[in-house]
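Enquirer: Next come the chains, spelled out residue by residue.
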Amino acid sequence: MTRQEILIELKKVLSPYTLDKEALASIDENTDLIKDLKINSANLVDIIIDAETKYNIEIDYDAADKMVNVGGCIDVIEEKTNQQT
Amino acid sequence: MIISAGNDIVDLQAIDTERTREPRFYSKFITGPETQLPSLPQLAAMPTEYFAWLLWSVKESVYKFEQRHNPGLVFSPSKIVVEHITPALSMACATTGPIEGQGFDEQPCYNSIIAFNQNKFYSRSIITSGFILTVVNNSDNFENMYWGVKPIEDSSPAYQSIQVREFILKKLGTFFEFNQLNIVKMPSGCPILHDGLTETSIPVSLAHHGHYVAYAFHLANV
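Those sequence lines, one after another, are chains A and B.
Anchor point for the first sequence: position 39 equals 39 in the working numbering, and the numbering is continuous, going up by one each time.
Just remember that the working numbering sits 85 ahead of the position in the second sequence, which is counted from 1.
Just chain B, same shape as in the assembly:
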């Protein structure tokens, strides 16, 4: 089984709520059977903009997960199909972060099943008043998936980039004594964790949007 990581963050203060509610907008990436998902009783109360960005974050996370092993992959959200969503028991928690975790057993999550390129993927999404965070895996077991999200002061891309790297490297530093951990971007944009000049086998995923940054990585046997 391929080991990878894929995540995404949506800052709910940075979205255009009115535009998101327009069918012309969300129909660009919510397709076919996905349009029936909001009619499910468990999702009926979810605002349209939350539903739309939840699906977007799931699709982008799947893309990132797959892109690591397929650098030429084009992000095509209409081809990544969210087949099912199981909602959290409590819809939203008040926290705006920062929060970090290993797996999602202790979090109220939306669990999704996704089909893409004849493969199944599974996601966990946390929706708060501030953000939608999604992490994807190719099995429904997230116990080796570490993740984090935190608010940042400045939404400029340069600041986001610095902050998300510091965030994940600080967490990874709690597992290793390596002092030369750093993130290198592949030409495809996929982040690779290095120790000095040596590429590690730990798949990492970074995300930023507005005033939030988020990471995910897969780490077994620690």
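The shape of chain A in the complex, shown without the other chains:
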């Protein structure tokens, strides 16, 4: 998967947790999950779990710490899926 492909799929993971669909539609790698998408921090674990399920990966503590913005999420998903191949 390319980073762009991951980004497209990531929108589906993030969608249940943001009401700002306009912001979600225009996300880029610098988009902050909390500040830009207004995702409540209480949903950060949900996003990690949903990403694990979607990509059949396991996200450890250190990787989870990076998932504060879209670029960080893509980094983690890319790294973990590459480890599987």
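Hints in this document: simulated from the structure, not taken from any laboratory.
No experiment lies behind these values; they were computed from the predicted model shown.
By construction, the Cβ of each residue, glycine as well, lies at the ideal position given by its N, Cα and C atoms.
One should not assume that every hint holds.
[Unchecked claim] Not close to chain B: a few residues of chain A, all C-beta gaps over 10 Å, as computed: (1) E5; (2) S15; (3) D46; (4) N56; (5) N82.
[Claimed, not checked] Here are the computed distance ranges between Cβ atoms for each label pair: (6) B/E185 - A/T2: 28 to 34 Å; (7) B/N306 - A/S15: 45 to 51 Å; (8) A/K21 - B/H279: 30 to 36 Å.
Starting from the structure of chain A, add chain B where the hints point.
Expert: This is chain B only, laid out in the frame that chain A set:
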């Protein structure tokens, strides 16, 4: 000693109870020795979802407390370790708010001791049928810590933001004659209390989740 404020609110109607009870979920932020805390007699009766969100709220409050003086700090819940919890004598009170207070001497609280970055923190958490509210300090003295929580009608982020600002500014307005108090968010997301264009020295913390908003601020010598 650093003066700061850190709080968090969890709306218990907004959580996914079943998911929270799954080890796969809570093991993302409850780590190491914390997994032994529920076996303590004083916590054995607490539902798993309450325990999980209590620890989450404590950890997030510590992060907010520290972030004020370290804007680049990343929220890493697994590195914020809740070492001990002393429970309230009565586990839950019926109120869903609003409630406000100075310190926690008159509240049934869960008191926690937390370790993070080689520092100790202390928290007070109120658990009701509606919410879990936590306020953190770097000393075990909360007498200068003011806090409040109240239910709101709409859970949209925009409404939460308006309501939590009105809530804290109304309280702060009882102490000062300033009429230009306002909250400015730093690029890090940390809220700063201004009087007009001037930054005040009063540390504030804001929280919202679901149908609740909450504030905390540290104010001495009033």
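Enquirer: For the range 45 to 51 Å, tell me whether the beta carbons of B/N306 and A/S15 fit it or not.
Expert: 49 Å, holds
Enquirer: Decide, holds or violated, for the assertion that all CB atoms of chain B are farther than 10 Å from the CB of A/E5.
Expert: 26 Å, holds
Enquirer: Taking 10 Å as the cut and beta carbons as the points, is A/N56 off the interface with chain B?
Expert: Per Cβ check, A/N56 is outside 10 Å of chain B; nearest 13 Å; holds.
Enquirer: If I claimed the Cβ atoms of A/K21 and B/H279 lie 30 to 36 Å apart, would that claim hold in this structure?
Expert: 32 Å, holds
Enquirer: Say whether it holds or is violated: A/D46 keeps its Cβ farther than 10 Å from all Cβ of chain B.
Expert: 7 Å, violated
Enquirer: Should the label of A/N82 as a non-interface residue stand, given a Cβ cut-off of 10 Å to chain B?
Expert: For A/N82, whose nearest Cβ neighbour in chain B is about 22 Å away, the distance exceeds 10 Å, so it holds.
Enquirer: Would you say the C-beta atoms of B/E185 and A/T2 sit inside 28 to 34 Å of each other?
Expert: 52 Å, violated
Enquirer: Decide, holds or violated, for the assertion that all CB atoms of chain B are farther than 10 Å from the CB of A/S15.
Expert: Given a closest Cβ separation of 15 Å, the condition holds.
Hints 3 and 6, counting from the list given before, are not met by this structure.
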